[in-house]
Amino acid sequence: MEAVIFYALAAIILISAICVVFLRRPMHNVLFMIIVMVGLAAMFILLHAEFIGMVQLVVYAGAVMVLFLFVIMLLNLDQIRLPNDPRQARTWIGVSAALILLFFLFPVLRSFIPAVSAPSSASDVSNTELIARELFTTYLLPFEVASVLLLAAIIGTVLLARKRS
Amino acid sequence: MITLQHYLFLAAALFILGAVGVMFRRNLIVILMSLELMLNAVNLTFIAFSRYLGSIEGQIFVLFIMIVAAAEVAVGLAIAVAVYRQRGTVDINQVNLMKW
Chain E
64 MEAVIFYALA
74 AIILISAICV
84 VFLRRPMHNV
94 LFMIIVMVGL
104 AAMFILLHAE
114 FIGMVQLVVY
124 AGAVMVLFLF
134 VIMLLNLDQI
144 RLPNDPRQAR
154 TWIGVSAALI
164 LLFFLFPVLR
174 SFIPAVSAPS
184 SASDVSNTEL
194 IARELFTTYL
204 LPFEVASVLL
214 LAAIIGTVLL
224 ARKRS
Chain P
21 MITLQHYLFL
31 AAALFILGAV
41 GVMFRRNLIV
51 ILMSLELMLN
61 AVNLTFIAFS
71 RYLGSIEGQI
81 FVLFIMIVAA
91 AEVAVGLAIA
101 VAVYRQRGTV
111 DINQVNLMKW
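Line by line, the protein sequences are chains E and P.
Take the first sequence: its letters are residues 64 to 228, numbered as in the numbering used here.
Take the second sequence: its letters are residues 21 to 120, numbered as in the numbering used here.
In short, the hints are calculated from the structure, not lab data.
Ideal placement from N, C-alpha and C gives every residue a C-beta, glycine not left out.
Among the hints, a few may not be true.
[As the list claims (entries may be wrong)] Estimated spans, in silico, between C-beta atoms of each pair:
{"hint": "1", "chain 1": "E", "residue 1": "117", "chain 2": "P", "residue 2": "116", "range": "17 to 27 Å"}
{"hint": "2", "chain 1": "P", "residue 1": "74", "chain 2": "E", "residue 2": "204", "range": "42 to 52 Å"}
{"hint": "3", "chain 1": "P", "residue 1": "74", "chain 2": "E", "residue 2": "150", "range": "39 to 49 Å"}
{"hint": "4", "chain 1": "P", "residue 1": "118", "chain 2": "E", "residue 2": "189", "range": "27 to 37 Å"}
{"hint": "5", "chain 1": "E", "residue 1": "199", "chain 2": "P", "residue 2": "102", "range": "34 to 44 Å"}
{"hint": "6", "chain 1": "P", "residue 1": "114", "chain 2": "E", "residue 2": "199", "range": "29 to 39 Å"}
{"hint": "7", "chain 1": "P", "residue 1": "105", "chain 2": "E", "residue 2": "174", "range": "43 to 53 Å"}
{"hint": "8", "chain 1": "E", "residue 1": "191", "chain 2": "P", "residue 2": "105", "range": "34 to 44 Å"}
{"hint": "9", "chain 1": "E", "residue 1": "132", "chain 2": "P", "residue 2": "116", "range": "20 to 30 Å"}
[As the list claims (entries may be wrong)] Just some of the chain P residues that point at chain E, by a computed CB distance under 7 Å:
{"hint": "10", "residue": "62"}
{"hint": "11", "residue": "91"}
{"hint": "12", "residue": "108"}
[What the hints assert, rightly or not] Selected chain E positions facing chain P (Cβ under 10 Å, derived; list incomplete):
{"hint": "13", "residue": "98"}
{"hint": "14", "residue": "131"}
{"hint": "15", "residue": "213"}
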């Protein structure tokens, strides 16, 4: 049962990701990206990380993608056609380097990662409770620093996007 | 039976797709989206390891990656808006002032 769900989700995620990268209109890219995010959230839940799956759904599929949609809408990007000049040689070198990396990565993963099955999660504590306990004890300082980072991001965004008077 | 390898293969494929997108596309917004794809592939790796090693740390890490990614997207899109206002385009071949 887990295998069926995994392969179905993996197919959906990979096909949508290919659409994200290769479709020409930015609006379609964003819509397929939302499918990727939702698929990944389901994958996280399949991996017994329910809390992270829900955060993925809210933060990525919700907030981040709406931000992308807003910018595309504000800039009227959907009507902009980039000129159809041929890509430079270094683009193709980069793309082929990435594909070569893929074909190196697979044998390496196959030989170094043992094909173990997952340990049964027999814990009676919920996933959210476990994360909360770690986050507010061991990782309390990074958690607080993250809020400073978000504040900096808010101020930076407002300053960057503000209209110059 | 689904093993750790399966998840890592999927994450590797997603990461490479994102990398290809960053190098292949010229629209700044789509490049940012491909970056998100790569970050999500890393998140999947973290969660898979967290499950198969029976440790919660991976999930904590993913939470922090999400925070950083959200900040990065907000600033990146603000830069895209500023670039569009300045140059009237989001084609990165037209925005090459700081490129060697």
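Going through the hints against the structure:
Distance hint for residue 117 (chain E) and residue 116 (chain P): a CB-CB separation of about 41 Å, inconsistent with the stated range 17 to 27 Å. Checked against the hint of 42 to 52 Å, the pair residue 74 (chain P) and residue 204 (chain E) fails, with Cβ atoms roughly 25 Å apart. Evaluation of the 39 to 49 Å hint for residue 74 (chain P) and residue 150 (chain E) yields a pass: the beta carbon distance comes to about 46 Å. Distance hint check for residue 118 (chain P) and residue 189 (chain E): the Cβ-Cβ separation is about 49 Å, which falls outside the suggested range of 27 to 37 Å.
In this structure the hint that residue 199 (chain E) and residue 102 (chain P) lie 34 to 44 Å apart at CB holds, the actual value being about 37 Å. About 47 Å separates the C-beta atoms of residue 114 (chain P) and residue 199 (chain E), a value inconsistent with the hinted range of 29 to 39 Å. Distance hint check: the CB atoms of residue 105 (chain P) and residue 174 (chain E) are about 51 Å apart, consistent with the given range 43 to 53 Å. Under the hint 34 to 44 Å, the C-beta atoms of residue 191 (chain E) and residue 105 (chain P), about 42 Å apart, fit the expected range.
The hint said 20 to 30 Å for the Cβ distance between residue 132 (chain E) and residue 116 (chain P), and at roughly 27 Å that hint holds. At its closest, the beta carbon of residue 62 (chain P) sits 11 Å from a beta carbon of chain E; the interface hint therefore is violated under the 7 Å criterion. The beta carbon of residue 91 (chain P) comes within 3 Å of a beta carbon in chain E, closer than 7 Å, and the hint placing it at the interface holds. Against a cut-off of 7 Å between C-beta atoms, the interface hint on residue 108 (chain P) is violated, since the closest Cβ of chain E lies about 9 Å away.
Below 10 Å, beta-carbon pairs count as interface contacts, and residue 98 (chain E) has none with chain P, the closest being about 12 Å; its hint is therefore violated. Look at residue 131 (chain E): its Cβ gets to within about 7 Å of chain P, closer than 10 Å, so that hint holds up. A least Cβ separation of about 6 Å between residue 213 (chain E) and chain P falls short of the 10 Å threshold, and the interface hint therefore holds.
Hint compliance for this structure: hints 1, 2, 4, 6, 10, 12, 13 are broken, all remaining hints hold.
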